[in-house]
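Working from the sequences, and respecting the hints, build out all of it.
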Amino acid sequence: MRIALFVAIAACAAGCADEKLKDVSGSVTHGGEPLPAGVVWFDPDPNHPGKPPQGYAYVKGGKFDTTDQGRGVRPGAYLVRVEGFDGKPGNELPLGKPLFTDHQEKQDFAAGSDKLQLEISIPKAAPPSPKADKPAKPEKLTPKAKK
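In this note's numbering, the protein residues as written are 1 to 147.
Just so you know, these hints were derived from the structure itself, not from any lab.
From the three backbone atoms N, C-alpha and C, an ideal C-beta is built for every residue, glycine too.
Fair warning: there could be bad hints in the mix.
In the BS3-like style, the derived pairs of lysine-lysine whose C-alpha atoms are separated by at most 30 Å in a straight line are [as the list claims (entries may be wrong)]:
id, residue 1, residue 2
1, Lys88, Lys124
2, Lys60, Lys106
3, Lys63, Lys115
4, Lys22, Lys63
5, Lys97, Lys63
6, Lys20, Lys51
7, Lys22, Lys51
8, Lys124, Lys106
9, Lys60, Lys88
10, Lys60, Lys124
11, Lys106, Lys22
12, Lys106, Lys63
13, Lys115, Lys20
14, Lys22, Lys60
15, Lys20, Lys63
16, Lys115, Lys51
17, Lys88, Lys63
18, Lys97, Lys124
19, Lys124, Lys63
Label pairs and their calculated CB-CB ranges [stated by the list, open to error]:
id, residue 1, residue 2, range
20, Lys88, Ser113, 34 to 42 Å
21, Gly90, Pro53, 26 to 34 Å
22, Gln107, Thr67, 12 to 20 Å
23, His48, Lys88, 32 to 40 Å
24, Asp45, Ser121, 17 to 25 Å
25, Glu92, His48, 33 to 41 Å
26, Thr29, Thr67, 20 to 28 Å
27, Pro89, Ala111, 36 to 44 Å
28, Pro123, Lys63, 16 to 24 Å
What follows is the structure in structure tokens.
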């Protein structure tokens, strides 16, 4: 039993080693201007064989690169999501205030090159509505005088 388990783990490790992660770099614009700050997420297609890991990269000044505080991707189909911020950090918002709700687009990364390029253009839209974390405060009611 132990030998079979060891062989299965070794086979998986050997197969996984062949699938090297590819670095992704590029630019993100919002309304034609470089996105000040954000995160690009590479969510693998749930039907992708082998279930590759999620990749990500931080955006700074409109540029991103998975080699700089990120994780690359394996070839295949992905849903690319972008979270954009104004780049002005606050106490609880290290990347600043949100500029838009998540932007999403599908992307296929082909096998071949070790470095993949991606240009993302997000149209300017209305800013996201503030989160309703707290319930609205009820109005103060004053008792009516008795007649």
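Do the hints match the structure? See the list:
1. Lys88 / Lys124: At roughly 18 Å apart (the allowed maximum being 30 Å), Lys124 and Lys88 satisfy the hint.
2. Lys60 / Lys106: holds (22 Å)
3. Lys63 / Lys115: Holds, because 15 Å separates the two Cα atoms, which is no more than 30 Å.
4. Lys22 / Lys63: Holds: Lys22 and Lys63 sit about 17 Å apart, inside 30 Å.
5. Lys97 / Lys63: Roughly 18 Å separates the two Cα atoms, so the pair holds.
6. Lys20 / Lys51: holds (14 Å)
7. Lys22 / Lys51: It holds: about 15 Å lies between the C-alpha atoms, which stays within 30 Å.
8. Lys124 / Lys106: holds (19 Å)
9. Lys60 / Lys88: Given that 30 Å is the threshold and the Cα spacing comes to 12 Å, the pair holds.
10. Lys60 / Lys124: OK: Lys60 and Lys124 at ~18 Å, within 30 Å.
11. Lys106 / Lys22: holds (17 Å)
12. Lys106 / Lys63: holds (19 Å)
13. Lys115 / Lys20: holds (11 Å)
14. Lys22 / Lys60: Given pair Lys22, Lys60 holds - Cα atoms ~20 Å apart, limit 30 Å.
15. Lys20 / Lys63: Roughly 23 Å between the alpha carbons, so the hint for Lys20 and Lys63 holds.
16. Lys115 / Lys51: holds (21 Å)
17. Lys88 / Lys63: holds (17 Å)
18. Lys97 / Lys124: Holds, at roughly 15 Å.
19. Lys124 / Lys63: holds (18 Å)
20. Lys88 / Ser113: 34 to 42 Å: Once the Cβ atoms are compared, 36 Å apart, the range 34 to 42 Å for Ser113 and Lys88 holds.
21. Gly90 / Pro53: 26 to 34 Å: holds (31 Å)
22. Gln107 / Thr67: 12 to 20 Å: holds (18 Å)
23. His48 / Lys88: 32 to 40 Å: Cβ of His48 to Cβ of Lys88: about 37 Å, so the range 32 to 40 Å holds.
24. Asp45 / Ser121: 17 to 25 Å: Hint holds: Cβ distance 22 Å, inside 17 to 25 Å.
25. Glu92 / His48: 33 to 41 Å: Check passed, 35 Å falls within 33 to 41 Å.
26. Thr29 / Thr67: 20 to 28 Å: holds (21 Å)
27. Pro89 / Ala111: 36 to 44 Å: Hint holds: Cβ distance 39 Å, inside 36 to 44 Å.
28. Pro123 / Lys63: 16 to 24 Å: holds (19 Å)
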